[in-house]
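Asks: Generate coordinates for the entire structure from the input sequences, incorporating the hints supplied.
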Amino acid sequence: MKMLLKELVAIQTGVYAKTVPNGEATYLQASMFDAFGKLQGSIVPNVVIEGGLSRHLLSESDVLFVAKGANNFAVEYDSAMGQAIASSIFLILKPMKKSVQQVLPAYLAWYLNHPVTQAQLKHQARGSSIPSISKKTLEELEVPLPSLERQQQVLRIQQLRNREKQIMQLLEVLREQQIQSQLLLAVQQ
Amino acid sequence: MEKKITQQEINNIVWKACDTFRGVIDPSQYKDYILTMLFLKYVSDVHKDKFSKYLEKYDGDKERAERAMRHERFVVPEHCTFDYLYEHRNETNIGELINIALNDLEEANREKLGGEDGSGIFRNIDFNSSNLGDAKDKKTRLKNLLTDFSDKKLDLRPSHLAGNDIIGDAYEFLIAHFASDAGKKAGEFYTPGEVSTLIAKLTKSAPGARICDPTCGSGSMLIKAGREVGSDNFSLYGQEANGSTWALAVMNMFLHGFDNATVRWGDTIRNPKLKEGDALMKFDTVVANPPFSLDKWGADEAAADPHNRFWRGVPPISKGDWAFISHMIETTYEGRGKVGVVVPHGVLFRGSSEGKIRQKAIEENLLEAVIGLPSNLFFGTGIPAAILIFNRGKGTNKNVLFIDASQRYEPGKNQNRLREQDINAIVDTYRRFNSGELEAGVVEDKFAYVATPEELQENEYNLNIPRYVDTFEEEDAIDVQAVQQEIDKLEDELAAVQQEMKSYLEELSL
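Protein sequences, first through last, are from chains A and B.
Sequential numbering from 1 applies to the first sequence in the numbering used here.
Sequential numbering from 1 applies to the second sequence in the numbering used here.
Heads up, some of the hints might be wrong.
[To be verified] No farther apart than 27 Å at their CA atoms in a straight line, the calculated lysine-lysine pairs in the DSS-like style are these:
1) K48/B / K136/B
2) K57/B / K152/B
3) K489/B / K165/A
4) K143/B / K224/B
5) K502/B / K165/A
6) K18/A / K16/B
7) K139/B / K152/B
8) K38/A / K122/A
9) K413/B / K18/A
10) K135/A / K94/A
11) K413/B / K68/A
12) K62/B / K48/B
13) K38/A / K152/B
14) K398/B / K356/B
15) K135/A / K165/A
16) K502/B / K38/A
[Said to hold, decoys possible] If you want the footprint, here are the derived chain A segments under chain B, 3+ residues with CB under 8 Å:
17) 156-163
18) 168-182
[What the hints assert, rightly or not] Non-contacting residues of chain B with respect to chain A, defined by C-beta distances greater than 12 Å in every case (computed):
19) E9
20) Q29
21) H71
22) S129
23) D137
24) D284
25) G313
26) G382
27) Q484
28) K502
Please keep in mind that the hints were generated in silico from the structure rather than gathered at the bench.
All figures in this text were calculated on a predicted structure; none of them were measured in a lab.
Glycine is no exception: its CB is placed at the ideal position from the N, C-alpha and C atoms.
Replies: Structural data, given as structure tokens:
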């Protein structure tokens with residue numbers, strides 16, 4: 001089964017907020033995520049929630065998509081990130097009530113991050129200096145919808161694949177260290 | 001009770017007033033207009049305040065009040081007040097009126113506002129200059145300026161201010177802001193507040209001290225050094241080569257209430273003005289941030305210097321650093337005077353004539369401390385600077401303290417900043433050394449070191465800080481076994497992950 005993204009989620013754009021040294025919520029920006037879509041380092045609350053901003057607080061199962069710039073990726077928001085507001089670089093995908101039984105937010109993020117989807121979206125990006133993917137483009141994206149069980153399986157394998165990549169990177173670094181220090185020892189003796 | 005004006009408010013108003021001039025003339029020029037106007041406003045407001053007090057005292061007898069005013073700090077003739085000028089803001093010759101007002105104000109207070117040799121502090125400023133635009137533009141601009149300063153909130157009567165230093169600090173706020181705007185073109189560097197504070201604390205003067213800054217700029221370091229005394233019992237002396245900066249320094253002193261400060265205009269090296277009779281005046285404390293490696297500082301005249309300040313040697317023509325240092329050392333009291341000077345790092349290690357002067361100064365046991373500062377502290381230049389402390393009363397202690405503070409700062413957007421704890425760390429270490437507590441050798445790893453004269457000699461009197469304070473970070477030796485274990489562990493995990501993935505994938509391909 002395939003569905004258009006707009007039938008599954010409501011898409012909003014992120015907002016601009018002024019940051020302050022001591023805030024209540026975190027102002028999420030694209031640069032805060034690493035290559036695996038994990039938040040980097042410690043997050044500091046840096047916006048004060050006042051006025052209309054409270055409407056823009058992210059909720060569990062929202063999916064963030066970086067719509068502007070060369071590096072488009074999607075991450076699932078989870079409450080471990082603390083109260084947060086997404087900057088205007090993001091499009092926010094909020095799953096509709098009726099689609100809860102059909103799609104997992106993490107699956108959506110995975111599908112958006114898939115190289116084929118990425119290529120398809122990039123192709124439709126507009127803008128000369130900063131390519132950006134419009135809300136409309138995203139809404140018209142077709143998403144294949146297997147059973148929830150199958151979605152789980154896909155995610156599980158993706159997770160294992162990520163872990164595999166991480167381990168391989170670590171091994172590479174350690175291997176380099178090991179060999180270099182052994183060589184140095186060999187010539188110093 | 002009416003609300004007192006705060007530092008923030010006053011800063012905002014004066015900064016806003018600058019908009020009147022922005023775009024039309026250079027910040028380096030319009031700063032003089034703004035600062036002069038602020039001074040005029042201050043003098044007028046103080047005058048008004050006093051006058052109303054006297055009127056009250058003498059039951060409204062105007063004549064008596066006026067007579068009493070003649071003995072006040074400033075004599076302000078009626079047509080020199082800000083209010084008078086504000087009333088006449090619509091006149092076509094307002095520029096001229098302001099000029100006349102300034103001129104007469106200077107005339108009426110010749111002793112205070114006039115320079116020693118007939119040059120007044122308003123000499124450099126012309127409100128009727130065609131720099132301000134054509135006749136019509138000029139008129140509107142000046143009117144705007146007067147209107148900006150007539151802001152009800154900008155009431156500078158002492159009774160209205162939350163503290164004494166507010167007006168002086170607003171003045172310095174402007175100077176600092178302008179320094180970051182202009183400054184660098186002229187090769188002049190406004191000393192950032194934290195560096196002035198550090199020098200003031202390091203050279204802390206005792207009550208009764210005579211304090212001098214031979215290249216005082218707008219005078220902020222001098223003021224900080226004065227405040228460090230902790231009482232009102234001190235006297236300030238300064239000299240500045242740049243005419244309009246000198247005028248700022250004079251006004252700055254008045255705005256901070258240091259009416260007795262002596263600030264002279266002239267080139268310190270070629271024409272030292274602070275003299276007693278024919279000899280150079282001597283001071284307890286001499287602080288300065290002289291221009292870094294000044295070219296054409298006056299080497300040609302130095303050999304025949306009537307005060308014989310350069311007997312240790314004449315510095316090279318193109319680098320005046322040691323000329324200023326020599327001047328500073330020569331103008332401190334023998335046996336007790338202290339010198340604190342900001343220098344570029346080259347001063348610590350350059351050879352030839354500078355090397356010889358340095359060697360002599362060290363052999364005389366004058367040098368007390370060398371402190372390396374973080375880079376990017378100054379407006380308009382990124383180079384790291386150092387502070388040298390000379391002490392003519394070192395007595396039997398022949399060691400020299402080295403401090404490497406180059407890593408102790410708070411990074412900023414354009415500039416780095418010394419924090420209070422950084423300043424305190426430096427000052428504490430110095431005080432401990434000064435009181436003889438510190439033995440030769442490492443005091444604090446990667447931060448402070450006490451060198452003996454023998455070590456200095458071994459290093460050929462090169463004071464380059466890394467020679468003494470070792471900041472080399474040794475890379476940890478890699479534990480081959482631990483790495484191997486880590487690799488084994490990861491490889492096991494990798495195998496497990498791959499195995500798991502395989503089974504899931506099999507499940508998928510039904």
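Asks: None of the hints should be skipped; say for each whether it holds.
Replies: Do the hints match the structure? See the list:
no., hint, verdict
1, K48/B / K136/B, "violated (31 Å)"
2, K57/B / K152/B, "holds (26 Å)"
3, K489/B / K165/A, "holds (15 Å)"
4, K143/B / K224/B, "violated (36 Å)"
5, K502/B / K165/A, "holds (15 Å)"
6, K18/A / K16/B, "holds (23 Å)"
7, K139/B / K152/B, "holds (22 Å)"
8, K38/A / K122/A, "holds (22 Å)"
9, K413/B / K18/A, "holds (18 Å)"
10, K135/A / K94/A, "holds (13 Å)"
11, K413/B / K68/A, "holds (26 Å)"
12, K62/B / K48/B, "holds (13 Å)"
13, K38/A / K152/B, "violated (55 Å)"
14, K398/B / K356/B, "holds (19 Å)"
15, K135/A / K165/A, "violated (32 Å)"
16, K502/B / K38/A, "holds (25 Å)"
17, 156-163, "holds (count 5)"
18, 168-182, "holds (count 9)"
19, E9, "holds (21 Å)"
20, Q29, "holds (35 Å)"
21, H71, "holds (51 Å)"
22, S129, "holds (42 Å)"
23, D137, "holds (37 Å)"
24, D284, "holds (42 Å)"
25, G313, "holds (47 Å)"
26, G382, "holds (26 Å)"
27, Q484, "violated (7 Å)"
28, K502, "violated (10 Å)"
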